[in-house]
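**Student:** Chain by chain, the residues run as shown.
There are 2 protein chains.
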Amino acid sequence: MNKYLLCCDWGTTSFRLQLINRGDQRLIAEQISQNGIGQTYDIWKQREQSGIERITFFKEQLKNQIDALSIKAGFSLDNITILMSGMASSSIGMQEIPYAQLPFALDGSDVLIKYHEADETLPNDIMLFSGVRSSRDVMRGEETQLIGLAEMIDLSMDIDAIFILPGTHSKHLYIEKGVLVDFKTYMTGEVFNVMANYSILKDSVTAGLGTQITASEWKAFEDGIRESEYSEILNALFTVRTRQLFDLLDKKQNAMYLSGILIGSELRQLNRETNWQLILCCGQNLHALYQKAIETLQLSKSTIIVPSETVDNAASAGQIRIFEFQNLLLNKINL
Amino acid sequence: MNKYLLCCDWGTTSFRLQLINRGDQRLIAEQISQNGIGQTYDIWKQREQSGIERITFFKEQLKNQIDALSIKAGFSLDNITILMSGMASSSIGMQEIPYAQLPFALDGSDVLIKYHEADETLPNDIMLFSGVRSSRDVMRGEETQLIGLAEMIDLSMDIDAIFILPGTHSKHLYIEKGVLVDFKTYMTGEVFNVMANYSILKDSVTAGLGTQITASEWKAFEDGIRESEYSEILNALFTVRTRQLFDLLDKKQNAMYLSGILIGSELRQLNRETNWQLILCCGQNLHALYQKAIETLQLSKSTIIVPSETVDNAASAGQIRIFEFQNLLLNKINL
Chain U
1 MNKYLLCCDW GTTSFRLQLI NRGDQRLIAE QISQNGIGQT YDIWKQREQS GIERITFFKE
61 QLKNQIDALS IKAGFSLDNI TILMSGMASS SIGMQEIPYA QLPFALDGSD VLIKYHEADE
121 TLPNDIMLFS GVRSSRDVMR GEETQLIGLA EMIDLSMDID AIFILPGTHS KHLYIEKGVL
181 VDFKTYMTGE VFNVMANYSI LKDSVTAGLG TQITASEWKA FEDGIRESEY SEILNALFTV
241 RTRQLFDLLD KKQNAMYLSG ILIGSELRQL NRETNWQLIL CCGQNLHALY QKAIETLQLS
301 KSTIIVPSET VDNAASAGQI RIFEFQNLLL NKINL
Chain Y
1 MNKYLLCCDW GTTSFRLQLI NRGDQRLIAE QISQNGIGQT YDIWKQREQS GIERITFFKE
61 QLKNQIDALS IKAGFSLDNI TILMSGMASS SIGMQEIPYA QLPFALDGSD VLIKYHEADE
121 TLPNDIMLFS GVRSSRDVMR GEETQLIGLA EMIDLSMDID AIFILPGTHS KHLYIEKGVL
181 VDFKTYMTGE VFNVMANYSI LKDSVTAGLG TQITASEWKA FEDGIRESEY SEILNALFTV
241 RTRQLFDLLD KKQNAMYLSG ILIGSELRQL NRETNWQLIL CCGQNLHALY QKAIETLQLS
301 KSTIIVPSET VDNAASAGQI RIFEFQNLLL NKINL
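Residue numbers (the UniProt record's numbering), protein chains in the order written: chain U, 1 to 335; chain Y, 1 to 335.
Only chain U is shown next, with the shape it has when bound in the complex (with noise of 0.2 Å):
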């Protein structure tokens, strides 16, 4: 048994793979780069006619992380197992794989796997993880982090609890008895950025995250927030123009506003759900806006707030999760 695991998060626009200590699941080094499996693809795509693979282009893509991260370790990586979720089994990604279907549960046991046995391109067996459906909406990658989240947070079987997932496409997750039942997927973070670019708010918006958040940009989100509730979408966003037209509010306040329209339309409806246990996991980048927008929505007391930190590891805890699973099920079968 090899001591260690490399766990691999490729998601659309970014790569991430991490070598872990199986034991402990401590970190020992990190590769990141920008060559997503959307990119990835699309290079892929141009050499189609010299024959190659995909499966193999995307080995050879993965074995260069691999040797550069093999150079920060110190030491060969080959033969540990890879395990990945998320894009790479989606129609762009490495392989397709089909989704899993609902209900799914959280110790792993409901994932579809796609094993590839290390070969001349890839000194490395892979395990590839599917993503989920329901009868109407699909993820990929967020499943596998659900899985390690249920583990860190150490949930209670006998609480009905909507896991949030903020992102470009974030998730709500509903769990009952430690089951995946349902899910919903709000595009939040993308009409975000459609409209502060390409619609006539554009005019009207300076976005940008990484700088500091001033009091007056935060009682811009908090309007935005409450603007959510008094009225529709569609009409909530016109006002992101006539504030700016009316002098009301600079253009970094307005982008505020925009983005507390936006996440108070998908956190809102939560406050119907009374009988669920809310656990927001959201990651650094985003952590203090849902924090505020939890709280301006008087959602404090029904939430659990997982710290970004847990939420950066939940990936890799999950792959980690299903792996160890399949581990005890291939040794029980070979008893």
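Rather than coming from a laboratory, the hints here were simulated on the basis of the structure.
Careful, some of the hints might be misleading.
Pairs count within a copy or across copies, as identical chains cannot be separated in the list.
What the hints assert, rightly or not - Below, computed lysine-lysine pairings styled on DSS-like, alpha-carbon distance capped at 25 Å:
| no. | residue 1 | residue 2 |
| --- | --- | --- |
| 1 | 292 | 63 |
| 2 | 251 | 45 |
| 3 | 219 | 292 |
| 4 | 251 | 177 |
Chain U is already provided as a structure; the job is to place chain Y on it using the hints.
**Tutor:** Quick look at chain Y alone, frame taken from chain U:
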């Protein structure tokens, strides 16, 4: 008194100039072009260093169009008064003039007017009409269409009515006793455009007006309207993608489904406005969609549907109504 008027509808992306017989409001000739306010302003901006005044530049452009219309009409259009409403009075228009305030009477008496006397650049007087603002919304042009519509459909003064003017930025205009008391802008058409062209949904829809709508496409449109009642819009939007992933709809059907979600979201709260007469005022291009949406939402009983030809003539009818009111007023003052 000149027996003619020139009615100008100068929008952000289009230009329309109509020569009207003042007595019976008959259309004599018409000049249409793509030289909208936006493009005209941009060209002026590029030439700003040459020292030409904005208003002079816009007048020159207008003169070119009048000359073209003059050839069609077969006589000189010198000295015929030009009536202008809409984006011509905006910050990117011929000359910015402030918005009139609410309440705003439908007889034309509350419009703010800026006169420009004929000069060597343009041998026509111009009457430039303001838009209207509330404490949280703005419009330029729809108030003039409303004045025209109210006259053409002979609205009883006793009725409280909501005029619905669909478009890129749909307007819902609240009328009490012949006075506009409130209005709301819905970014329905623009959200459709940015989502269909710039979001992840662009791979799930084929948008494009002007083709015959099939029975299955109408079915998809109705499904979208029902979806807008069932779920929050940021969530409903993502089902456009899943319907394509699940091969439930082709891309043209899916564009109609997206349209249904958005038009449904715009109109569904009108179900709550039970004390108001709804008046749907749709031009040719959106008429069928909004009529179907009104039926699907079971609003037909409380809705008057204005013929699209009437709506298409509303702007010039409103301009003439305002002109005649002002003329009457001037005559009174002169007495």
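**Student:** So, for every hint listed, does it hold in this structure?
**Tutor:** Here is how each hint holds up against the structure:
| no. | hint | in the structure |
| --- | --- | --- |
| 1 | 292 x 63 | neither (42 Å within a copy, 55 Å between copies) |
| 2 | 251 x 45 | between (40 Å within a copy, 22 Å between copies) |
| 3 | 219 x 292 | within (11 Å within a copy, 41 Å between copies) |
| 4 | 251 x 177 | neither (46 Å within a copy, 39 Å between copies) |
When the structure is compared with the earlier hints, violations turn up for hints 1, 4 and for no others.
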